[in-house]
Amino acid sequence: MSVSRTTSRRGMLAAAVGLALAGVGAGLALRTTRRQSQALQEAENHFWGQQFAQLDGVVLATSTFKGHPLVLNFWATWCPPCVEELPLINNFFQQNKTKGWQVLGLAVDQAAPVTRFLARSPLSFSVALAGFPGIEISRSLGNLSGALPFTVVFDSTGQIVHRKMGKLTVDDLRLWERLPVGLTL
209 MSVSRTTSRR
219 GMLAAAVGLA
229 LAGVGAGLAL
239 RTTRRQSQAL
249 QEAENHFWGQ
259 QFAQLDGVVL
269 ATSTFKGHPL
279 VLNFWATWCP
289 PCVEELPLIN
299 NFFQQNKTKG
309 WQVLGLAVDQ
319 AAPVTRFLAR
329 SPLSFSVALA
339 GFPGIEISRS
349 LGNLSGALPF
359 TVVFDSTGQI
369 VHRKMGKLTV
379 DDLRLWERLP
389 VGLTL
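Heads up, the sequence shown is in the working numbering, so the first residue is 209 and it goes up one at a time.
Mixed in with the good hints, there may be bad ones.
[Claimed, not checked] Straight-line C-alpha distance at most 25 Å; calculated DMTMM-like pairs for lysine to aspartate or glutamate:
hint	residue 1	residue 2
1	Lys305	Glu292
2	Lys307	Asp380
3	Lys274	Glu385
4	Lys305	Glu252
5	Lys307	Glu385
6	Lys375	Glu252
7	Lys307	Glu252
8	Lys375	Glu344
9	Lys274	Glu344
10	Lys305	Asp380
11	Lys307	Glu344
12	Lys375	Asp363
13	Lys274	Asp363
14	Lys375	Glu385
15	Lys307	Asp379
16	Lys307	Glu250
17	Lys274	Asp264
18	Lys305	Asp379
19	Lys274	Asp380
20	Lys274	Glu252
21	Lys305	Glu385
22	Lys375	Glu292
23	Lys305	Glu344
24	Lys305	Asp363
If you're looking for bench data, these hints aren't it; they were derived computationally from the structure.
Predicted model, so just to flag it, every value in this text is computed and none were measured.
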């Protein structure tokens with residue numbers, strides 16, 4: 209057998225092995241993506257069954273927000289970017305509540321500092337206490353690092369349509385105003 213024919217067969221064999229490995233890799237990636245998608249869907253469903261205490265002691269069920277688009281913001285009084293973005297989120301809520309938008313601020317904090325903060329800087333939207341477990345809730349919704357601030361946008365069917373790690377900008381909120389958020393139930 210000639211050298212070029214052997215080289216050609218080796219090349220074809222290497223290409224076939226490469227394609228087979230690529231197929232296996234694609235299959236694993238697809239399976240991983242499906243698992244992640246299923247986990248996110250389970251986290252969404254779990255979120256809609258949660259209840260959180262408000263500062264007045266009244267329990268707030270997240271299910272009361274379902275049926276309308278919702279901006280869910282994880283924040284804390286000890287987080288400077290969180291505190292800086294709250295007036296922006298409040299303004300968004302005031303401008304869009306007549307369009308059906310709702311906002312929930314989940315404080316990854318304790319009641320006393322949140323109460324003091326809101327006495328100085330009142331907010332028009334709902335605020336509830338998630339405490340430290342709020343970090344795990346945010347992780348389940350896609351906050352892989354567990355950092356704050358973290359914001360999730362749900363459409364009116366309760367599905368996540370956008371996530372933002374870090375401080376919000378006016379451009380983020382303008383984009384969300386234009387998102388197809390589904391029909392109001």
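Here's how the hints hold up against the structure:
no. : hint               : result
1   : Lys305 with Glu292 : holds, 21 Å
2   : Lys307 with Asp380 : holds, 18 Å
3   : Lys274 with Glu385 : holds, 17 Å
4   : Lys305 with Glu252 : holds, 22 Å
5   : Lys307 with Glu385 : holds, 10 Å
6   : Lys375 with Glu252 : holds, 22 Å
7   : Lys307 with Glu252 : holds, 23 Å
8   : Lys375 with Glu344 : holds, 19 Å
9   : Lys274 with Glu344 : holds, 21 Å
10  : Lys305 with Asp380 : holds, 17 Å
11  : Lys307 with Glu344 : violated, 31 Å
12  : Lys375 with Asp363 : holds, 21 Å
13  : Lys274 with Asp363 : holds, 9 Å
14  : Lys375 with Glu385 : holds, 17 Å
15  : Lys307 with Asp379 : holds, 19 Å
16  : Lys307 with Glu250 : violated, 28 Å
17  : Lys274 with Asp264 : holds, 22 Å
18  : Lys305 with Asp379 : holds, 18 Å
19  : Lys274 with Asp380 : holds, 22 Å
20  : Lys274 with Glu252 : holds, 11 Å
21  : Lys305 with Glu385 : holds, 11 Å
22  : Lys375 with Glu292 : holds, 8 Å
23  : Lys305 with Glu344 : violated, 28 Å
24  : Lys305 with Asp363 : holds, 14 Å
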